[in-house]
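Can you make the complete structure from the sequences, with help from the hints?
Chains as they are written, first to last, in UniProt numbering: chain A, 1 to 637; chain B, 1 to 637.
Worth flagging that the hints you see were computed from the coordinates, not collected in a lab.
Do not rely on the hints blindly, as some may be mistaken.
Keeping only pairs whose Cα atoms sit at most 20 angstroms apart, straight-line, the calculated EDC-like set for lysine to aspartate or glutamate is [as the list claims (entries may be wrong)]:
#1 A/214 with B/180
#2 B/58 with B/10
#3 B/629 with A/158
Partial list, derived from the structure: chain A residues whose beta carbon lies under 10 angstroms from chain B [to be verified]:
#4 13
#5 199
#6 206
#7 229
#8 234
#9 618
#10 622
#11 631
What you are looking at is a predicted structure, and each value in this text was computed from that prediction instead of being measured.
Every residue gets a Cβ at the ideal spot worked out from N, C-alpha and C, and that includes glycine.
Protein chains: 2
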Amino acid sequence: MSTVDQQLEEIQDTIESEIPPDITVTEVKYEGPELVVYTRDPKQFAQNGDLIRRLASKLRKRITVRPDPDVLTPPDQARAAIEDVIPEEAGVTDLDFHEDTGEVVIEAQKPGMVIGRHGSTLREITQEAGWTPEVVRTPPIESSTVKNVRNFLKHEREERRDILEKVGRQIHREEMSEDEYVRITTLGCCREVGRASFILSTPETRILVDCGDKPGSEGEVPYLQAPEANPLNSIDAVVLTHAHLDHSAFIPLLFKYGYDGPIYCTEPTRDLMGLLTLDYLDVAAKEGRTPPYESEMVREAIKHCIPLEYGDVTDIAPDVKLTFHNAGHILGSAVSHFHIGDGLYNVAFSGDIHYEDTRLFNGAVNDFPRVETLVMESTYGGRNDYQTDQADSEEKLKELINETYEKEGKVLIPAFAVGRSQELMLVLEEAMREGDIPTMPIHLDGMIWEATAIHTTYPEYLRDDLRDRIFHEDENPFLADQFNHIDGGEEERMDVAEGEPCIILSTSGMVTGGPIMSWIEHVGPDPDSRMVFVGYQAQGTLGRRIQSGRDEVPIGGGGGRTEHLKLNMDVDTVDGFSGHADRQGLEDFVRTMNPRPEKVLCVHGDERSTQDLSSALYHEFNMRTFAPKNLETFRFL
Amino acid sequence: MSTVDQQLEEIQDTIESEIPPDITVTEVKYEGPELVVYTRDPKQFAQNGDLIRRLASKLRKRITVRPDPDVLTPPDQARAAIEDVIPEEAGVTDLDFHEDTGEVVIEAQKPGMVIGRHGSTLREITQEAGWTPEVVRTPPIESSTVKNVRNFLKHEREERRDILEKVGRQIHREEMSEDEYVRITTLGCCREVGRASFILSTPETRILVDCGDKPGSEGEVPYLQAPEANPLNSIDAVVLTHAHLDHSAFIPLLFKYGYDGPIYCTEPTRDLMGLLTLDYLDVAAKEGRTPPYESEMVREAIKHCIPLEYGDVTDIAPDVKLTFHNAGHILGSAVSHFHIGDGLYNVAFSGDIHYEDTRLFNGAVNDFPRVETLVMESTYGGRNDYQTDQADSEEKLKELINETYEKEGKVLIPAFAVGRSQELMLVLEEAMREGDIPTMPIHLDGMIWEATAIHTTYPEYLRDDLRDRIFHEDENPFLADQFNHIDGGEEERMDVAEGEPCIILSTSGMVTGGPIMSWIEHVGPDPDSRMVFVGYQAQGTLGRRIQSGRDEVPIGGGGGRTEHLKLNMDVDTVDGFSGHADRQGLEDFVRTMNPRPEKVLCVHGDERSTQDLSSALYHEFNMRTFAPKNLETFRFL
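Printed below as a string of structure tokens:
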């Protein structure tokens, strides 16, 4: 008998000795980090108030109780019982019964009302229906991504359970080594921005943190061929800090190369990764490049995702516990905290962070039980990388909009679909509501609408006050009338271009393709209109060239010819809307960090930024700091 | 056709276009780093003066020409021809004909006379006999190690050729990667003395430098399980800097774990490694420990050795050239210089070094075409690790000997078999020759005699003036009459103990076992005798305890009882005979190094020594210095 089976047998014994004798446990197994307990008496389990909580605390595991399939109430009967229990105001839109596991997925507009105070409604559901409920939110704005991911996972439910069981057994395997060490290997994003990727390893375990692309490079991939990462199927777990492509683009590639394990991320990160990586493949195909993997691999990745919520302490290996904390950067972005061994060592990877609160998100969490080493982003770590205060930036943006409106022109804003667009939507919606700028249509083109829909599906991940507003449908700012989703293609764009003054948010954010190209063609020649850059424009992009004053741009003419278009619109830049902490924010993050780490690795920034920041943190806080190169391995402990 | 075969075909074409039309080349192949050219016309090849040299320089390869086996002169006929050519004073002791390769191994007391001026005699041998000669020295003192190794290699000749051919094809494989980097991973001997081991890697190649044990530990092995070293059969080459067990003990273990490639070392290192690792297994067995590998693995290691001479620039991988330089530490010890890529990067591993000349060896070489990074030993790198000048130490030793002689006592010196013993033999021989101490017997017990025999087999590796003396038999100091090899066991020891005043050199050097234990029993109780420590006594050894004043030692009584023996002899310590550079020597090595490296990794010393030295080199020479931990990976370039 394997040691995991022995362990499960012992756990079943413990459970049986703790529960009332009238409750029968038929099976105990691992599914990913959870312990699943099958019982013939799910209703009694649910009646015994905090029994599950007590067991969880005794066994120090997350526990899910499921009815043994043999005793399952027929779905029709269960449906009636469930509909009886859930108040109508919860707005249930779907009930999905899984007879193999006795779970019922309840999709509702107000999940909180399905859960009830301290889970009381959920328990009532089990008591009355005998099924184990799982609640998801009905997207307030329909999202094809969320729908596709949910349908896909439903379809792959059986295989997913096999995957989770395998992962669960891996996590709970016996520790083999007597050595003690913690190592971090840099596979990318050191002295460069892009291709974030690290290996965190102990004698037992290898964890890959992020696996992104490098924008502006010719397909540079993280150093996955490094021995520290090989063979790829020896990696225990992949942790994805957030969905931006410079962190996620090559996650699906791992499955092509033989990785077959779990991906830990938040639920919105999973969905956004799906959206962004599929778009990444699309763009590659459109540009005539061979995509590095097929869309099938994106599905593999999604199938292997194990979503975690902020604050959940989760076993992901025999000697590693992972906890995500809000990073304030984009939806679902996470500071990833690893607790290694039993009190042995703690490492936090910041991922990308925003230290101050923004309209969308609370500021990054920097409060941990313990942390000895911090791996920290340094995008704006340079000695002069201070950004304009967002309040001032908003004032400037509003002025520019008002000026343009007076000339009856249009404001064209190239923006990244995920994060910056939603922040701007909030700025613009408020400005109109408060009368700072005239109410006019705000057209959203490219993936912005879809990304916004995903934001509204996961309001728990947004800033407290925004979340509260979204919970009350009539205050959900993303549902404001001004917002118009451009879904009528080129025709709609031409209508808009010929129409009244308006604001247009369109991808791509660096003017490297996508619908912004059409908008430039339609709006660019108009001297009364204006383009406003709100995000970083990388060297070599058309955005950077326009920003620098170029007033002629190539557009695709008929028959493969390239024509040149004269730009007459005004061009302005408003900084201060970045999703990244600036130099001050990075220093503040470390200054107020509790506890303060002993060592900091400054990564995810160009050579100057990482070295400036490393040196500043050393001098200011007297900690050991490093600006590593790619392909180095640090040993801690 | 593989790229190596293509390459060989092109090389054969080139050779054929360079040589006179009457010379036929039948085959060209790689054997290890050498290119072997088979010809039907070996005599003509030899007649054409510097043809081989010209080809070697054109092809930039080391070239050996061998007669095609089809045209081989019968051995009897060849023997007569060879004996005709070689002058009698050369003292040929053996001719060994290998019909498979057309090579004849000539063992002679004076190899120089077989070689002739610029190899003229060798060429004459080929011209007259049609065979390719290879010359080895007849050991002036019979060495069972040298004899065994030579016989073994003769016996395994066929398999060895297969190994060499495989290695040769590996070395000359096509380069695959477009990346450029150089990495060093520390597998041992960082912030500790012992278990020296490093991985030097490039995108193409992995090289393991040393693989030693850690004396005084409970079998601590280098971190061979590190991913940077795995799988072991992905390692291209093992480089052994010298034969001491803290560098060599686990070289044979590699073959047990699946390594199957070449070991580059000097010829004396190969033989001494054989001697020391077999003894290591013996000691383990005697002490009731399970040896980590079997003696069969030592033979595997020897079979895979490719001996290099100091100064030979040798291709050991598609992108790596290795050159050994004298390190001054023990016989055959080498500073190992790696030239990576075509002028890309250069790394030197000091191994263990002695910077000043000693009686046995010239001081370590620190003159290289280029070197960016130095990995340097730090045994005596601590801020106070200055040693007594050897001249003063010799004076003190002679005084102690004279005092003891006057009391008619005996001088007992525990000594390491390899290196320190021979240095002392030279000191004592000279002192007697010059009348500084009375002439008396010097008894050599343990492996000292055998190690000395190996020294005399390879005089090329000794200090210039000593080498010259050994070439003249009547001046070979190791053949002096005073030296007596204790080969009569306990009986002889008892006779010596009861006899006239004398000096006894015996292993083990730290009094942890071996014949020194008997000597203590016989000589220890005599108040007129004296023990003199000349080497480092590690914490926890009996040597250290006696040195610190303990005057009772446990001896094995009959029937498993332990009895205690009262020591009445005087106990003294004379330092200054170390094989390691002291702090001054280490600094001098770097100060006079040409060119001076940009970076230094201070290793092979305890935490304090490596950090002291690292800090001193940084402050003194303004270079980047490190005192790494085990299991770190540095990236250069």
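So, going through the hints one by one against the coordinates:
{"no.": "1", "hint": "A/214 with B/180", "in the structure": "holds (18 angstroms)"}
{"no.": "2", "hint": "B/58 with B/10", "in the structure": "holds (13 angstroms)"}
{"no.": "3", "hint": "B/629 with A/158", "in the structure": "violated (47 angstroms)"}
{"no.": "4", "hint": "13", "in the structure": "violated (36 angstroms)"}
{"no.": "5", "hint": "199", "in the structure": "holds (9 angstroms)"}
{"no.": "6", "hint": "206", "in the structure": "holds (8 angstroms)"}
{"no.": "7", "hint": "229", "in the structure": "holds (8 angstroms)"}
{"no.": "8", "hint": "234", "in the structure": "holds (8 angstroms)"}
{"no.": "9", "hint": "618", "in the structure": "violated (16 angstroms)"}
{"no.": "10", "hint": "622", "in the structure": "violated (18 angstroms)"}
{"no.": "11", "hint": "631", "in the structure": "holds (5 angstroms)"}
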